[in-house]
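Enquirer: For reference, the chains in residue letters:
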Amino acid sequence: MRTVLFFLIGILFGVVLFKSEVASWFRIYEMFQFDSFHMYGIIGSAVLCGALVMFGLKKLRVKSILDGQQIRVKSKEKAWKRYLIGGIFFGLGWSLAGACPGPMFVLLGAGFLPILCVVIGSLLGTYCYGAFRGKLPH
Amino acid sequence: MIEYILKPWPWYISGPAIAFVMLLLLWSGKSFGMSSNLRTLCSAFGAGNSVSFFRFDWRRDSWNLSVLAGTVVGGFIASQFLTSTTVVDLNPETIAQLQGLGVLDAGQSYMPKLLFGTEILLQKKNLLLLLGGGFLVGFGARYAGGCTSGHAISELSNLQWP
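Protein chains in written order, with the working numbering: chain A, 1 to 138; chain B, 139 to 300.
Calculated directly from the structure, the hints in this document are not laboratory data. One or more hints might be untrue.
Claimed, not checked - Cβ-Cβ distance ranges computed for the label pairs, FRET-style: (1) Q237/B x F34/A: 36 to 46 Å; (2) F34/A x I140/B: 50 to 60 Å; (3) N229/B x L84/A: 24 to 34 Å; (4) Q70/A x L297/B: 43 to 53 Å; (5) Q33/A x E141/B: 42 to 52 Å; (6) R193/B x K63/A: 48 to 58 Å; (7) A234/B x R61/A: 14 to 24 Å; (8) L259/B x F55/A: 19 to 29 Å; (9) L60/A x A234/B: 45 to 55 Å.
Backbone N, C-alpha and C define an ideal beta-carbon position, used for all residues, glycine too.
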């Protein structure tokens, strides 16, 4: 039952990512050239609506529909080195491969087979981070 | 109505729709983050045997793998049944620039054939580029502790600073 619910949410997410063209390599290229408002409009309005969602959930003390627990949003740790350095690596990869972790799976479903290389690469990259994280500045 | 669904979705529909997906996940008592699935998959593939970072019960995150499987199916459904045109309405300057670089299908297709056409599977150089790009995305996302969905959307919405 829960699996089905999350699967359906995923389908909605996948459809949104494809239809909004955020999964399109061209849109990402255009975004990095600052040639279009499209992508910035999407992330901007998503964050604006997201902030309203967060505020509403906290203010109204909404409980989770699955387990009845009050919804709490975990804050990520306070740090800046890992966000800065990690973000730079991420952005380099994003502009090279033209896909971030959500869209790469959308593109797989849409039948662009070479994206498998990006997926495999991202798994290897995740593995390498796990292996060397003790030696990296955070 | 159906005609609007088949056309590319404008930003002012897409952005709120992404926030709605986040709402559904929070409402289910979970969080919105795609890149943690990469860690979960590494763990499921047995990476925990060699690296402690992957030594955890990955089954507790299997809900997120269901979301991930859904996005694959969503990509299939959207591309097969919910799309009337593959044209991406790019800035003409971007199109001209890309055509100058040899990307001739700029503005006419969803993805450049040069990088994502099936025949590319035989070209080592392009495959290495995609593999390398993917590697940096995976490495950087885990280094930073999240990607676009987790950091940019969830955390900015949560007004977290830094």
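Enquirer: None of the hints should be skipped; say for each whether it holds.
Expert: Hint check:
1. Q237/B and F34/A have their C-beta atoms about 19 Å apart, which leaves the hinted 36 to 46 Å range violated.
2. For the hinted restraint 50 to 60 Å between F34/A and I140/B, the CB-CB distance of approximately 34 Å leaves it violated.
3. Taking 24 to 34 Å as the suggested C-beta distance range, the pair N229/B and L84/A conforms, at roughly 30 Å.
4. In this structure, Q70/A and L297/B break the distance hint of 43 to 53 Å, their C-beta atoms being roughly 19 Å apart.
5. Remark: the range hint 42 to 52 Å for Q33/A to E141/B is contradicted by a beta-carbon distance near 31 Å.
6. Look at R193/B against K63/A: about 33 Å separates their beta carbons, and that is not inside 48 to 58 Å.
7. A hinted range of 14 to 24 Å for the beta carbons of A234/B and R61/A is inconsistent with their spacing of about 54 Å.
8. Between L259/B and F55/A the CB atoms are about 47 Å apart, so this pair departs from the stated range of 19 to 29 Å.
9. Checked against the given bound of 45 to 55 Å, the beta carbons of L60/A and A234/B, roughly 50 Å apart, stay inside it.
Hints 1, 2, 4, 5, 6, 7 and 8, counting from the list given before, are not met by this structure.
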